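Here is how the chains run, residue by residue.
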Amino acid sequence: MNTDYFAYLNESPFPSSGEGKLQGMRIALHPSIAAREWPSEAGSRALEGFIALEDATVVERLKSAGAHIRGNTFMNELGLGVDMDTSGSAVAEGEADLSVVVDIMGESRIIAARAGLAGFKPSFGIVSRLGVIGLVPSMESVGFTAGRPEDILEVLSVTAGDDGRDYSLSVDMPDFSDVASGKGENFRLGVISEASNLLDSRELDEFGKCVGRLKEAGCAINELSFGEFDLFATVHQVIGSVEASSCAGKFDGVRYGHRAGGAKDWNDMYLRSRGESFGTMLKTLLFQGAWFQFENYGAFEKACRVRSRLLEAMDKLYESVDFLVLPTCGMKHMEGKAENIAGLYDMCRLALPANVTGQPALNLPGRLLGVETGLSIQVMGRRLDDTRLLAWASSLVGRIFSGDKT
Amino acid sequence: MTNDFEAVVGLEIHVQLKSETKMFCDCPNRPGDEPNRNVCPTCLWLPGALPRMSGDVLEKAILAALSLDCEIQPLTAFDQKVYYYPDLPKGYQLSQFHRPLARNGRIEIVAGDGSIRDIGIAQVHMEEDVAKLIHEKEGRTPVSLVDFNRAGTPLVEIVSRPDLRGSFEAMEYIKALRSRIRYTGASDCSMEQGTMRVDANISIRPRGSGLFNTKVEVKNMNSVHNVGAAIDYEIGRQAGQIRAGEEIILHTRLWDPDRNVTTAMRGKFEGPCVPDPSVPPLIISRKMLDAVRELLPETPASKLDRFIGEYGLTRDEAALMSSERDMADYFENAAGQGILPRTACHWISTQLAPLLKEAGLGIEESPVSPERLARLLSLLENNEINARAAREALSLLFDSDESPEEIVESRGFRQVSDSGALDAIVDQVLSENAPAVEDYRAGKQKAFGFLMGQAMQASRGTGNPKMIKEILQKKLG
Chain W
1 MNTDYFAYLN
11 ESPFPSSGEG
21 KLQGMRIALH
31 PSIAAREWPS
41 EAGSRALEGF
51 IALEDATVVE
61 RLKSAGAHIR
71 GNTFMNELGL
81 GVDMDTSGSA
91 VAEGEADLSV
101 VVDIMGESRI
111 IAARAGLAGF
121 KPSFGIVSRL
131 GVIGLVPSME
141 SVGFTAGRPE
151 DILEVLSVTA
161 GDDGRDYSLS
171 VDMPDFSDVA
181 SGKGENFRLG
191 VISEASNLLD
201 SRELDEFGKC
211 VGRLKEAGCA
221 INELSFGEFD
231 LFATVHQVIG
241 SVEASSCAGK
251 FDGVRYGHRA
261 GGAKDWNDMY
271 LRSRGESFGT
281 MLKTLLFQGA
291 WFQFENYGAF
301 EKACRVRSRL
311 LEAMDKLYES
321 VDFLVLPTCG
331 MKHMEGKAEN
341 IAGLYDMCRL
351 ALPANVTGQP
361 ALNLPGRLLG
371 VETGLSIQVM
381 GRRLDDTRLL
391 AWASSLVGRI
401 FSGDKT
Chain D
1001 MTNDFEAVVG
1011 LEIHVQLKSE
1021 TKMFCDCPNR
1031 PGDEPNRNVC
1041 PTCLWLPGAL
1051 PRMSGDVLEK
1061 AILAALSLDC
1071 EIQPLTAFDQ
1081 KVYYYPDLPK
1091 GYQLSQFHRP
1101 LARNGRIEIV
1111 AGDGSIRDIG
1121 IAQVHMEEDV
1131 AKLIHEKEGR
1141 TPVSLVDFNR
1151 AGTPLVEIVS
1161 RPDLRGSFEA
1171 MEYIKALRSR
1181 IRYTGASDCS
1191 MEQGTMRVDA
1201 NISIRPRGSG
1211 LFNTKVEVKN
1221 MNSVHNVGAA
1231 IDYEIGRQAG
1241 QIRAGEEIIL
1251 HTRLWDPDRN
1261 VTTAMRGKFE
1271 GPCVPDPSVP
1281 PLIISRKMLD
1291 AVRELLPETP
1301 ASKLDRFIGE
1311 YGLTRDEAAL
1321 MSSERDMADY
1331 FENAAGQGIL
1341 PRTACHWIST
1351 QLAPLLKEAG
1361 LGIEESPVSP
1371 ERLARLLSLL
1381 ENNEINARAA
1391 REALSLLFDS
1401 DESPEEIVES
1411 RGFRQVSDSG
1421 ALDAIVDQVL
1431 SENAPAVEDY
1441 RAGKQKAFGF
1451 LMGQAMQASR
1461 GTGNPKMIKE
1471 ILQKKLG
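So the protein sequences, as listed, match chains W and D.
Heads up: the first sequence begins at 1 in my numbering, then just goes up one per residue.
Heads up: the second sequence begins at 1001 in my numbering, then just goes up one per residue.
This is chain W alone, in the form it adopts within the complex (with noise of 0.2 angstroms):
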């Protein structure tokens, strides 16, 4: 049933505008990202009834390469959590060939790893975030959920680049369309023994038959170590928080969304509007970001400094690598809802490293390396590496299928 993965579905006689490369794909679209006409909601009743005026760029630049935006999927609220999103479960069942969503800690490859799909966050700054509602600025991107890294790469080349009206984007944009780098070669990979350890026995032997496959196909491994690996999650929680605090002060109930009746005044109504509209989950989330701008600021800053040298460890580490692998998330996460906000973080934290270092990184689920698993793998690459990445998963997924293991 299309409902039981479309919140709304188009119903244009006129499914595509434009004939382009991506002719004929099927793409579902977050609620969070902007497409005329369409309500957006992410997810949340402080959006209720708000109609996008305008597409988002990505959702512009789908159209006009002739893909078919067939509705929006389901979410959870403001993107916090994967339990309701059913944007995986929509390619997974055919429903979709692809999936666009807005990756705050790691969405898009957690959602493809519980779909056993191909998920895809860029690099920070490639793909405009005009339209896309998120939560945390510096750290979100529209991601991308696929059967395959190749169709990824595809889309990517399409939707990457300025549009003229997202200042964040990179002023050093490469060139997304040359799809042949990186194709066929057999690049040194890290394994940093940090994240492997967050790992239990059984996913760590599943982990290291991933890696292996790696191995056979020609790539060189390097076990690699990053002592404040743990960071990572907490500099997220602290900025992340602080942003989303800042972010969602817009939701005022003052020009769209849920509005509480009976207040006795606009300040009564502001309080009550934003009660009424915001879940726990969510509620933690902006009280502690509250908390960090107006108690505890120096923590922030702190959160800051530690972001830019987390950045420069990580920098250092390609120095004697091409990609890093790690795994996506723990077995466990993949099924079942975050409860709270330790829950997310705890879901999260192998994934959000790239959201917190702008860096690409790509989920391949074992089943995409011909390992009988159900656990899923992370390649992640320096900033604005991402079509080397996908070029070298796609040709390397290809080979793999072919029986070339060389």
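I should point out that these hints are in silico values taken from the structure, not numbers from a laboratory.
Here the structure is a predicted model, which means the values were calculated and not measured.
Check each hint, because a few of them may be wrong.
Simulated pairs of lysine to any residue, SDA-like, Cα-Cα distance not exceeding 25 angstroms [as the list claims (entries may be wrong)]:
{"no.": "1", "chain 1": "D", "residue 1": "Lys-1287", "chain 2": "W", "residue 2": "Ser-170"}
{"no.": "2", "chain 1": "W", "residue 1": "Lys-332", "chain 2": "W", "residue 2": "Glu-206"}
{"no.": "3", "chain 1": "D", "residue 1": "Lys-1081", "chain 2": "D", "residue 2": "Leu-1133"}
{"no.": "4", "chain 1": "D", "residue 1": "Lys-1081", "chain 2": "D", "residue 2": "Arg-1140"}
{"no.": "5", "chain 1": "W", "residue 1": "Lys-264", "chain 2": "D", "residue 2": "Glu-1136"}
{"no.": "6", "chain 1": "W", "residue 1": "Lys-264", "chain 2": "D", "residue 2": "Glu-1138"}
{"no.": "7", "chain 1": "W", "residue 1": "Lys-264", "chain 2": "D", "residue 2": "Asp-1329"}
{"no.": "8", "chain 1": "D", "residue 1": "Lys-1137", "chain 2": "W", "residue 2": "Lys-332"}
{"no.": "9", "chain 1": "D", "residue 1": "Lys-1137", "chain 2": "W", "residue 2": "Glu-206"}
{"no.": "10", "chain 1": "D", "residue 1": "Lys-1175", "chain 2": "D", "residue 2": "Asp-1329"}
{"no.": "11", "chain 1": "D", "residue 1": "Lys-1018", "chain 2": "D", "residue 2": "Glu-1247"}
{"no.": "12", "chain 1": "D", "residue 1": "Lys-1132", "chain 2": "W", "residue 2": "Asp-268"}
{"no.": "13", "chain 1": "D", "residue 1": "Lys-1081", "chain 2": "W", "residue 2": "Cys-304"}
{"no.": "14", "chain 1": "W", "residue 1": "Lys-302", "chain 2": "D", "residue 2": "Leu-1094"}
{"no.": "15", "chain 1": "W", "residue 1": "Lys-209", "chain 2": "W", "residue 2": "Thr-234"}
{"no.": "16", "chain 1": "W", "residue 1": "Lys-264", "chain 2": "D", "residue 2": "Val-1146"}
{"no.": "17", "chain 1": "W", "residue 1": "Lys-215", "chain 2": "W", "residue 2": "Arg-367"}
{"no.": "18", "chain 1": "W", "residue 1": "Lys-283", "chain 2": "D", "residue 2": "Pro-1275"}
{"no.": "19", "chain 1": "D", "residue 1": "Lys-1132", "chain 2": "D", "residue 2": "Arg-1103"}
{"no.": "20", "chain 1": "W", "residue 1": "Lys-264", "chain 2": "D", "residue 2": "Pro-1142"}
{"no.": "21", "chain 1": "W", "residue 1": "Lys-264", "chain 2": "D", "residue 2": "Leu-1094"}
{"no.": "22", "chain 1": "D", "residue 1": "Lys-1132", "chain 2": "W", "residue 2": "Tyr-270"}
{"no.": "23", "chain 1": "D", "residue 1": "Lys-1469", "chain 2": "D", "residue 2": "Gln-1454"}
{"no.": "24", "chain 1": "D", "residue 1": "Lys-1081", "chain 2": "D", "residue 2": "Leu-1282"}
{"no.": "25", "chain 1": "D", "residue 1": "Lys-1175", "chain 2": "D", "residue 2": "Val-1261"}
{"no.": "26", "chain 1": "D", "residue 1": "Lys-1137", "chain 2": "W", "residue 2": "Ala-260"}
{"no.": "27", "chain 1": "D", "residue 1": "Lys-1219", "chain 2": "W", "residue 2": "Trp-266"}
{"no.": "28", "chain 1": "D", "residue 1": "Lys-1081", "chain 2": "W", "residue 2": "Asn-296"}
{"no.": "29", "chain 1": "D", "residue 1": "Lys-1475", "chain 2": "D", "residue 2": "Asp-1439"}
{"no.": "30", "chain 1": "W", "residue 1": "Lys-332", "chain 2": "W", "residue 2": "Leu-204"}
{"no.": "31", "chain 1": "D", "residue 1": "Lys-1137", "chain 2": "W", "residue 2": "Gly-261"}
{"no.": "32", "chain 1": "D", "residue 1": "Lys-1081", "chain 2": "W", "residue 2": "Thr-284"}
{"no.": "33", "chain 1": "D", "residue 1": "Lys-1132", "chain 2": "W", "residue 2": "Trp-266"}
{"no.": "34", "chain 1": "D", "residue 1": "Lys-1081", "chain 2": "D", "residue 2": "Thr-1214"}
{"no.": "35", "chain 1": "W", "residue 1": "Lys-302", "chain 2": "D", "residue 2": "Val-1146"}
{"no.": "36", "chain 1": "W", "residue 1": "Lys-283", "chain 2": "D", "residue 2": "Ile-1363"}
{"no.": "37", "chain 1": "D", "residue 1": "Lys-1081", "chain 2": "W", "residue 2": "Glu-301"}
{"no.": "38", "chain 1": "D", "residue 1": "Lys-1081", "chain 2": "W", "residue 2": "Phe-294"}
{"no.": "39", "chain 1": "W", "residue 1": "Lys-302", "chain 2": "D", "residue 2": "Ala-1077"}
{"no.": "40", "chain 1": "D", "residue 1": "Lys-1132", "chain 2": "W", "residue 2": "Glu-372"}
Assemble the complex: chain W is given as a structure, and chain D must be docked to it using the hints.
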């Protein structure tokens, strides 16, 4: 206040920049239009909208800061000033706290005792204005309406150091600052129109002490005069409080212009300032700064000196011509057309200015262009018309499109310098006014003036007065 205390005053001045668009979107910067006419997803801060810093706004902000001798910072960034209010569509105001646009400026003022004082400017930063709230009643229900036209319009805030020692210096500082910024064209700086808003931080201390005591912030003054009055009132109030042994508490007060008092409003609220992740930091290169510097007009002070040297004006005349940029432009344009600069200055200040004032026009809107004025004045300089005719012609030029020459011809203003014709006029006047002639010859000098007037009248105002005078003197012996 008594002489035991001296005031320590710092001013925070918000100036609305005169840019075409708002700060982060393409909406027109016209807050006064019909409510909610100039809005878009960005300034309404609808979900998914992104800010785009306007180059024009940045340029005007830099101009304003340069006019105050500030050091422009090579890297400047926006912060979110977090507070929740319905006039703020996103729950924070984009302002600059950690990395302001400019620092360390100064303005020279003449203090009350005639000495020159340097007033420091700590920083100049950019910030967006908020929407306007209108509280009304629908029937018996109070409603609050929001007009977003002003939301996102550009401001610069100029923060002085606490260098001002009283109301006089504060008013001099505001006037000097206003003149400098107006000169750049970056803002109109009108307190009455609300394009300049002044908040004063006031504390007092025993005279001669170097202390900085708890300050009180005063808002809501809508004229330079009111700023002075509010500072004086506040000094007296604080002195009274200290004498009564009461503690001064940091808070905000409102100036009440009807009762001439300040009243307590609220505790001073300082929300947090968090670096904003959506507007990338701005790098102001040497090249860009040089380009903006090129746009910086000559300062009023150097213009004054130049007008004395180049045009031979007196200091007073030069001050009159240079204090406003439009006036200076008009004067230079007129003086550049081959007439005597002092004649131009004299006619602009004594004849044209009153006409403009009566019509409620600024000199930049003058119906008599500098070129037309210059042509009229060159007719005067060449003795083709006399001063009286020039005055009349000027007021006619004010209301018509005709050229000075056409007016002079069609109205018969051309001066009669034909000695034969003037001879005949003088003869006629002498014969018609025999008693006056006798009076003059009997030694009454006043009678000469009367005869002179009669002769001018007989020429219908067009006779060359100098020649008439000579002929009269000759004929009267």
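Right, here's what the structure says about each hint:
Between Lys-1287/D and Ser-170/W the alpha-carbon distance is near 22 angstroms, which keeps this suggested pair within the 25 angstroms criterion. As the CA atoms of Lys-332/W and Glu-206/W are separated by approximately 14 angstroms, the hinted pair is consistent with the 25 angstroms bound. Distance check on the hinted pair: Lys-1081/D and Leu-1133/D sit about 19 angstroms apart at the alpha-carbon level, within 25 angstroms; holds. Between the alpha carbons of Lys-1081/D and Arg-1140/D the distance comes to roughly 35 angstroms, so the proposed pair goes past 25 angstroms and is violated.
Pair hint Lys-264/W plus Glu-1136/D holds up; C-alpha atoms about 15 angstroms apart against a cutoff of 25 angstroms. A threshold of 25 angstroms between alpha carbons decides the hint, and for Lys-264/W with Glu-1138/D the separation of about 14 angstroms falls inside it, so the pair holds. About 57 angstroms separates the Cα atoms of Lys-264/W and Asp-1329/D, which puts this hinted pair outside 25 angstroms; it is violated. For the hint pairing Lys-1137/D with Lys-332/W, the CA-to-CA distance comes to about 58 angstroms; that exceeds 25 angstroms, so the pair is violated.
Between Lys-1137/D and Glu-206/W the alpha-carbon distance is near 68 angstroms, which puts this suggested pair outside the 25 angstroms criterion. As the CA atoms of Lys-1175/D and Asp-1329/D are separated by approximately 21 angstroms, the hinted pair is consistent with the 25 angstroms bound. With a C-alpha separation of about 42 angstroms, the suggested pairing of Lys-1018/D with Glu-1247/D is violated against the 25 angstroms cut-off. The hinted pair formed by Lys-1132/D and Asp-268/W meets the criterion: a straight-line CA distance of about 19 angstroms does not exceed 25 angstroms.
Simply put, Lys-1081/D and Cys-304/W have alpha-carbon atoms about 18 angstroms apart, close enough for the 25 angstroms limit, and the pair holds. A distance of roughly 22 angstroms separates the Cα atoms of Lys-302/W and Leu-1094/D; the hinted pair therefore holds under the 25 angstroms criterion. About 30 angstroms separates the Cα atoms of Lys-209/W and Thr-234/W, which puts this hinted pair outside 25 angstroms; it is violated. About 17 angstroms separates the Cα atoms of Lys-264/W and Val-1146/D, which keeps this hinted pair within 25 angstroms; it holds.
Distance restraint check for Lys-215/W and Arg-367/W: the Cα-Cα separation of roughly 16 angstroms lies within the 25 angstroms cut-off, and the hinted pair is therefore satisfied. For the hint linking Lys-283/W to Pro-1275/D, the alpha-carbon distance of about 22 angstroms falls within 25 angstroms, and the restraint holds. For a cut-off of 25 angstroms, the pair hint linking Lys-1132/D to Arg-1103/D is broken: about 30 angstroms separates their Cα positions. Taking the CA atoms of Lys-264/W and Pro-1142/D, the gap is near 10 angstroms; set against the 25 angstroms cutoff, the hint holds.
Annotation: proposed proximity of Lys-264/W to Leu-1094/D is violated, straight-line Cα distance about 29 angstroms (limit 25 angstroms). A distance of roughly 17 angstroms separates the Cα atoms of Lys-1132/D and Tyr-270/W; the hinted pair therefore holds under the 25 angstroms criterion. As the CA atoms of Lys-1469/D and Gln-1454/D are separated by approximately 12 angstroms, the hinted pair is consistent with the 25 angstroms bound. Using a Cα cut-off of 25 angstroms, the hinted pair Lys-1081/D and Leu-1282/D holds, with the two alpha carbons roughly 18 angstroms apart.
For the given pair, Lys-1175/D sits about 23 angstroms from Val-1261/D by alpha-carbon distance, which is consistent with the 25 angstroms threshold. A hinted pair counts as satisfied when its Cα atoms are at most 25 angstroms apart, and Lys-1137/D with Ala-260/W qualifies at roughly 20 angstroms. A C-alpha spacing of about 24 angstroms is found between Lys-1219/D and Trp-266/W, which places the hinted pair at or below 25 angstroms, so the restraint holds. For the proposed pair Lys-1081/D and Asn-296/W, the alpha carbon gap of about 16 angstroms is at most 25 angstroms, so the pair holds.
Under the criterion of a C-alpha separation no larger than 25 angstroms, the hint pairing Lys-1475/D with Asp-1439/D is consistent with the structure, at around 15 angstroms. Distance restraint check for Lys-332/W and Leu-204/W: the Cα-Cα separation of roughly 13 angstroms lies within the 25 angstroms cut-off, and the hinted pair is therefore satisfied. With a C-alpha separation of about 18 angstroms, the suggested pairing of Lys-1137/D with Gly-261/W holds against the 25 angstroms cut-off. Restraint check for Lys-1081/D and Thr-284/W: satisfied, since their Cα atoms lie roughly 22 angstroms apart, inside the 25 angstroms limit.
The hinted pair formed by Lys-1132/D and Trp-266/W meets the criterion: a straight-line CA distance of about 14 angstroms does not exceed 25 angstroms. Straight-line distance between C-alpha atoms of Lys-1081/D and Thr-1214/D comes to about 23 angstroms, which keeps the hinted pair within the 25 angstroms bound. For the hint linking Lys-302/W to Val-1146/D, the alpha-carbon distance of about 38 angstroms lies beyond 25 angstroms, and the restraint is violated. Taken as a hint, the Lys-283/W and Ile-1363/D pair is broken in the structure, with Cα atoms around 59 angstroms apart against an allowance of 25 angstroms.
Between Lys-1081/D and Glu-301/W the CA atoms are separated by roughly 16 angstroms; this keeps the pair inside 25 angstroms, and the hint holds. Only pairs whose Cα atoms come within 25 angstroms are accepted, and Lys-1081/D paired with Phe-294/W is accepted, the gap being roughly 11 angstroms. For the hint pairing Lys-302/W with Ala-1077/D, the CA-to-CA distance comes to about 19 angstroms; that is within 25 angstroms, so the pair holds. For the hint linking Lys-1132/D to Glu-372/W, the alpha-carbon distance of about 63 angstroms lies beyond 25 angstroms, and the restraint is violated.
In summary, the numbered hints that this structure violates are 4, 7, 8, 9, 11, 15, 19, 21, 35, 36 and 40.
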